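With my numbering applied, the sequence shown covers 7 to 232.
These are calculated hints, taken from the structure and not from any lab test.
Just so you know, not all the hints are guaranteed correct.
Quick list of simulated restraints, FRET-style, between CB atoms [unchecked claim]:
no. : residue 1 : residue 2 : range
1   : Tyr46     : Pro81     : 46 to 56 Å
2   : Thr223    : Gln104    : 31 to 41 Å
3   : Pro156    : Glu212    : 46 to 56 Å
4   : Pro81     : Asp54     : 12 to 22 Å
5   : Arg96     : Leu179    : 31 to 41 Å
6   : Gly226    : Leu31     : 27 to 37 Å
7   : Gln203    : Ala15     : 18 to 28 Å
8   : Thr223    : Ala58     : 18 to 28 Å
This one's a predicted model, so the numbers in the text were calculated from it and none came from an experiment.
Where a beta carbon is used, it is the ideal one built from N, C-alpha and C, also for glycine.
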Amino acid sequence: MLQGELRLAGRLDERFFDLLAALALTGSLQKAARAAGYSYKGAWLVLDAAAALAHQPLVDSATGGSGGGGSRLTPSGEALLAAWQALQARHRAFLHEQEAWLASRPELQHLLKATAMKTTARNQFSGHISAVRPGPSTWQVRLALASGGPEISASLTAEAAEELGVAVGQQALALVKASEVVLVSDFAGYRLSARNQLAGSIARIERGAVSSLVGLTLPGGSTVTA
């Protein structure tokens with residue numbers, strides 16, 4: 007769940023150190039650049055920039071001769087690569103430690119999963135399943151919102167319910183597209199058939215050329231966009 011990027015001095019990132027590692031392995035800057043995803047010129051530029059930061063050369067290159075020339079890391083380059091590899095190990099250990107900490111707090115895991123989810127639905131209601139009524143083809147589920155207020159009813163196929171392992175007490179997220187919300191300001195004595203009727207106050211209006219977005223604030227603090 008957790009991800010983190012490790013880099014040194016701005017441009018000295020994983021790709022740069024892949025270049026150093028490939029150079030140490032192949033002895034050829036051209037091969038190392040190709041392996042790390044650089045052009046030959048781009049590799050030279052990033053190595054020169056790193057050498058300027060370190061105030062000493064990181065690569066020693068030779069041209070011609072019986073061996074055809076080649077490149078190798080200087081002692082400074084080797085020390086920098088070794089330090090990076092050690093930092094990578096410490097970084098991985100840190101992330102694993104934080105993963106274990108998160109695993110002991112399921113309420114945080116649910117929150118992080120909800121915020122990391124990619125969906126076009128503007129309305130996301132977090133809570134736990136308070137009731138389940140199985141049916142031969144369709145299941146009825148009620149979701150108690152974490153913010154309180156009225157519960158939300160949802161229908162899903164029996165196949166989907168079994169695949170998701172739907173059960174009372176399970177943490178869940180209800181997704182509702184803004185286009186599916188019907189906004190009513192005056193009931194005028196009519197009885198509505200919609201099971202989910204959420205009362206609130208208008209908090210914002212975003213007017214557009216074709217349509218507008220209306221934001222409702224519910225008593226528990228949740229918001230609904232229509």
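Evaluated hints:
no. : hint                          : verdict
1   : Tyr46 <-> Pro81: 46 to 56 Å   : violated, 24 Å
2   : Thr223 <-> Gln104: 31 to 41 Å : holds, 34 Å
3   : Pro156 <-> Glu212: 46 to 56 Å : violated, 25 Å
4   : Pro81 <-> Asp54: 12 to 22 Å   : holds, 18 Å
5   : Arg96 <-> Leu179: 31 to 41 Å  : holds, 35 Å
6   : Gly226 <-> Leu31: 27 to 37 Å  : violated, 59 Å
7   : Gln203 <-> Ala15: 18 to 28 Å  : violated, 57 Å
8   : Thr223 <-> Ala58: 18 to 28 Å  : violated, 55 Å
Going down the numbered hints, you'll see the structure goes against 1, 3, 6, 7 and 8, while the others check out.
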